[in-house]
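Hey, can you work out the whole structure from these sequences and the hints?
If you want the building blocks of each chain, they are given just below.
Number of protein chains: 2
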Amino acid sequence: MSRMQFEIIARDKKTKARIFKFKTIKTPFFMPVATKATGKFYDSNDMKKIKVKAIIANALLLSLEPSAAVIKSLGGIHRFMNFKGIIFTDSGGFQMYSEHLFLGINENGIRFRNPFTGQRILCTPEKDMQIQLDIASDVAMCLDDMPLYPAKKERLIQSVKRTIAWAIRCKRYHDKHNNINQLLFGIVQGGTDNSLRKICAKKLSTLKFPGYAIGGLAIGEPENLMWQATKVTLKYIPEKTPKYLMGLGKPYQLLKAISLGIDIFDSRYPTKTARHNQVFTFSDGTLKLQRKIYKDDKNPIDKTCNCPVCQNYSRAYLHHLIKIKEPNVKRLLSLHNLYFYQRLMEKAQESIPESIDHIINIFLPSHIMQVMDTIIENSKDPHLVEKARLNKMTWSYKSGRKI
Amino acid sequence: MSRMQFEIIARDKKTKARIFKFKTIKTPFFMPVATKATGKFYDSNDMKKIKVKAIIANALLLSLEPSAAVIKSLGGIHRFMNFKGIIFTDSGGFQMYSEHLFLGINENGIRFRNPFTGQRILCTPEKDMQIQLDIASDVAMCLDDMPLYPAKKERLIQSVKRTIAWAIRCKRYHDKHNNINQLLFGIVQGGTDNSLRKICAKKLSTLKFPGYAIGGLAIGEPENLMWQATKVTLKYIPEKTPKYLMGLGKPYQLLKAISLGIDIFDSRYPTKTARHNQVFTFSDGTLKLQRKIYKDDKNPIDKTCNCPVCQNYSRAYLHHLIKIKEPNVKRLLSLHNLYFYQRLMEKAQESIPESIDHIINIFLPSHIMQVMDTIIENSKDPHLVEKARLNKMTWSYKSGRKI
Chain A
6 MSRMQFEIIA
16 RDKKTKARIF
26 KFKTIKTPFF
36 MPVATKATGK
46 FYDSNDMKKI
56 KVKAIIANAL
66 LLSLEPSAAV
76 IKSLGGIHRF
86 MNFKGIIFTD
96 SGGFQMYSEH
106 LFLGINENGI
116 RFRNPFTGQR
126 ILCTPEKDMQ
136 IQLDIASDVA
146 MCLDDMPLYP
156 AKKERLIQSV
166 KRTIAWAIRC
176 KRYHDKHNNI
186 NQLLFGIVQG
196 GTDNSLRKIC
206 AKKLSTLKFP
216 GYAIGGLAIG
226 EPENLMWQAT
236 KVTLKYIPEK
246 TPKYLMGLGK
256 PYQLLKAISL
266 GIDIFDSRYP
276 TKTARHNQVF
286 TFSDGTLKLQ
296 RKIYKDDKNP
306 IDKTCNCPVC
316 QNYSRAYLHH
326 LIKIKEPNVK
336 RLLSLHNLYF
346 YQRLMEKAQE
356 SIPESIDHII
366 NIFLPSHIMQ
376 VMDTIIENSK
386 DPHLVEKARL
396 NKMTWSYKSG
406 RKI
Chain B
6 MSRMQFEIIA
16 RDKKTKARIF
26 KFKTIKTPFF
36 MPVATKATGK
46 FYDSNDMKKI
56 KVKAIIANAL
66 LLSLEPSAAV
76 IKSLGGIHRF
86 MNFKGIIFTD
96 SGGFQMYSEH
106 LFLGINENGI
116 RFRNPFTGQR
126 ILCTPEKDMQ
136 IQLDIASDVA
146 MCLDDMPLYP
156 AKKERLIQSV
166 KRTIAWAIRC
176 KRYHDKHNNI
186 NQLLFGIVQG
196 GTDNSLRKIC
206 AKKLSTLKFP
216 GYAIGGLAIG
226 EPENLMWQAT
236 KVTLKYIPEK
246 TPKYLMGLGK
256 PYQLLKAISL
266 GIDIFDSRYP
276 TKTARHNQVF
286 TFSDGTLKLQ
296 RKIYKDDKNP
306 IDKTCNCPVC
316 QNYSRAYLHH
326 LIKIKEPNVK
336 RLLSLHNLYF
346 YQRLMEKAQE
356 SIPESIDHII
366 NIFLPSHIMQ
376 VMDTIIENSK
386 DPHLVEKARL
396 NKMTWSYKSG
406 RKI
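As you go down the protein sequences, you meet chains A and B in turn. 221 is the number that the working numbering gives to position 216 of the first sequence; each next residue is one higher, with no gaps. 301 is the number that the working numbering gives to position 296 of the second sequence; each next residue is one higher, with no gaps.
Some clues are possibly wrong.
One copy or any two copies: either way a pair holds, since identical chains are not told apart in the list.
Computed cross-link-like contacts, DSS-like style, restricted to lysine-lysine with a CA-CA straight-line distance of at most 25 angstroms [said to hold, decoys possible]: (1) 54 - 303; (2) 392 - 236; (3) 352 - 330; (4) 166 - 89; (5) 89 - 330; (6) 213 - 176; (7) 77 - 293; (8) 53 - 308; (9) 181 - 240; (10) 18 - 176.
Everything labelled a hint here was simulated from the structure, so no lab data went into it. A quick note: this is a predicted structure, and the numbers were derived from the prediction, not measured.
And the structure:
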């Protein structure tokens with residue numbers, strides 16, 4: 006039974022955090038985004054070197070280019086992109102976000118325009134399942150209807166109804182045609198509406214998916230509403246299945262979500278920030294390497310880090326690459342940040358048998374520092390800036406950390 | 006004595022090809038261009054993996070950003086960019102080509118504009134030597150005056166006079182301040198004018214440089230004139246010193262130059278072509294990977310190649326990366342092409358004790374094929390295209406190679 010593939014092997018003493026074993030890997034894990042079967046600015050060989058264990062690709066986009074048929078003929082996505090870890094495929098529901106692709110939606114499916122050929126295509130739950138089976142990922146995701154934020158109640162109701170109806174169709178088709186032992190996860194929608202989250206979660210629970218994703222969050226809603234919606238959803242889906250909070254996020258958010266019972270993550274955040282020259286460290290918080298202070302800084306990004314970037318280059322050299330606009334620096338900083346995320350997940354795994362609270366407390370100050378820095382840099386209200394400066398000093402003092 | 010650092014260890018039986026030993030490496034060698042202390046789209050760690058043994062950086066450009074002082078304070082260019090092989094630095098004479106940088110020239114030196122600060126700077130032979138000593142490359146190049154092609158006789162005469170005068174000033178300064186055992190190579194100018202090449206070569210010979218470069222070629226002049234100028238120059242500089250033909254070139258050109266007595270090369274050609282999706286192979290000639298025929302081609306670029314790209318990815322996957330405009334494919338194809346150049350130099354070294362003629366004969370057909378392909382694709386003269394097609398068939402038949 007595919008449902009048994011995720012097995013709980015440890016639980017946190019103080020929070021809802023836990024560790025699942027799944028094939029060769031353990032939760033909590035973070036998946037770099039490899040939408041089109043590649044990282045952006047880095048390749049599968051790089052991912053192997055920074056010990057990435059799982060990634061998420063996008064079924065819809067791969068069906069447009071190079072096509073599910075080509076990937077199938079080349080032996081599936083693992084072979085195609087030469088990645089031996091776990092591969093999730095997202096369905097394409099998220100691409101409703103793309104003005105470039107999205108045409109419309111009705112009960113039957115989602116209409117997209119193929120940007121390579123101009124052709125209109127209708128993505129139905131059944132077609133989407135077949136694409137994911139052809140691509141042969143390890144975990145497929147149901148086709149869902151994801152409204153943008155903010156959405157009216159009416160639109161959210163429609164989305165939940167459709168997401169449930171499509172989940173049923175996906176499950177039926179997938180059960181019938183799954184001859185590759187692929188897992189299918191359900192996706193709970195409902196925006197930040199607690200009652201709709203509850204309805205959607207309860208209904209999908211009856212379908213007994215081997216894992217559940219929480220979709221439609223981390224798309225611009227206030228953070229407190231996101232946590233509320235997450236908690237409600239978690240309450241109404243089977244506790245003993247792995248939970249995937251789609252699209253999250255920042256280091257501190259990952260730790261908090263783990264403490265609530267989330268096991269799996271994906272986000273563009275670490276690579277998007279890297280492409281803007283921002284890097285995460287355990288030694289010195291977040292650094293912006295374009296800053297002049299790094300021009301002759303002999304240190305690696307993070308002296309506690311074993312990634313191929315910290316092992317080879319100084320902050321001064323990376324600063325130089327940024328200054329001369331060498332495109333490859335986007336690759337180097339992406340690799341460092343992804344390695345940081347892997348280490349963060351390792352630290353979470355190591356702490357769970359005792360309690361993840363401890364490492365959250367380490368991260369809380371750096372998270373707050375980051376928020377304060379954003380205010381200091383961007384706010385035009387001198388009063389607010391002054392308050393942020395004071396706040397920063399207080400936290401710095403409390404935590405004994407360098408600013 | 007620094008002049009003895011290059012030692013001849015083998016000579017070709019039929020041509021003027023030879024093998025020098027220099028520190029840990031052997032000639033003939035090819036230097037990827039790392040103008041600003043980095044490859045374009047690839048890093049030093051990549052170069053280590055594809056066994057690049059020598060590179061050339063640019064003293065003038067590095068003195069603008071991050072500055073010779075910063076590189077010196079970080080322990081020299083080897084440490085700065087983390088490259089343990091041989092590093093040549095070009096002087097900056099070549100940047101007279103850059104409309105963006107070049108302001109003017111007189112007997113005292115070359116005037117440039119620093120694009121980072123807008124500041125005007127005067128690059129004198131003495132300053133240029135000090136920059137290269139601060140950067141601490143293994144081989145420094147004299148500051149030369151390189152006219153664009155085509156140039157009038159008058160301009161060539163001026164260039165030769167100035168190049169000689171500056172070589173004297175460079176040598177004097179370098180001899181006095183060289184406390185890092187850096188070698189200084191002279192550069193012979195003279196365009197495609199045989200008598201001027203002779204004058205320049207003879208005069209520089211009297212200065213007893215440990216090695217000589219042939220500059221001002223491979224800049225758009227007809228190929229036969231380039232070979233003629235090369236031969237004349239070689240005739241008038243000491244045979245037992247290493248010779249560096251700056252800016253060459255294509256695989257076949259490298260082999261031909263080696264047979265004439267050239268030992269060292271640098272060129273953007275392998276990486277520039279890679280960035281345009283063109284790759285070199287020993288198995289199938291030159292491939293343009295954007296072509297539709299590669300969409301589901303399971304083979305690596307070259308099945309005889311051990312580079313990290315051929316070891317990991319299929320032509321189909323690389324074609325996909327090109328199709329979706331993934332920037333990292335420029336890195337992958339650059340690595341393959343540079344590895345191809347390393348292999349080409351290895352093959353040359355292996356053949357020299359017998360004769361390099363053999364591998365030139367292997368390459369001649371593929372070189373001709375490439376020329377014919379260019380005609381077939383670009384010419385609007387149907388008669389010429391037909392002739393190229395016939396020529397291609399004949400060569401294909403003669404050499405027993407696939408078209």
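Hints, one by one, checked against the model:
In this homomeric assembly, residue 54 and residue 303 come within 25 angstroms of each other (Cα to Cα) both inside a single copy, at 24 angstroms, and across copies, at 24 angstroms. For the homomeric pair residue 392 and residue 236, neither the shortest alpha-carbon distance inside one copy (31 angstroms) nor that between copies (74 angstroms) is at most 25 angstroms. Taking the closest pair of Cα atoms, residue 352 and residue 330 never come within 25 angstroms of each other, the shortest separation being 34 angstroms inside a single copy and 36 angstroms across copies. In the homo-oligomer, the alpha carbons of residue 166 and residue 89 never lie at most 25 angstroms apart, since the shortest distance is 37 angstroms inside one protomer and 62 angstroms across protomers.
For the identical chains of this complex, residue 89 and residue 330 are inter-copy neighbours only, at 24 angstroms across copies versus 33 angstroms inside a copy, given an alpha-carbon limit of 25 angstroms. For the identical chains of this complex, residue 213 and residue 176 are intra-copy neighbours only, at 10 angstroms inside a copy versus 81 angstroms across copies, given an alpha-carbon limit of 25 angstroms. For the homomeric pair residue 77 and residue 293, the shortest alpha-carbon distance between copies (24 angstroms) is at most 25 angstroms, but the shortest distance inside one copy (42 angstroms) is not. Both within a single protomer and between protomers do residue 53 and residue 308 lie at most 25 angstroms apart by alpha-carbon distance, with minima of 22 angstroms and 23 angstroms respectively.
Within a single copy, residue 181 and residue 240 get their C-alpha atoms no closer than 30 angstroms, and across copies no closer than 79 angstroms, so neither meets the 25 angstroms cut-off. Taking the closest pair of Cα atoms, residue 18 and residue 176 never come within 25 angstroms of each other, the shortest separation being 35 angstroms inside a single copy and 74 angstroms across copies.
Checked against the numbered hints listed earlier, the structure breaks hints 2, 3, 4, 9 and 10; every other hint is satisfied.
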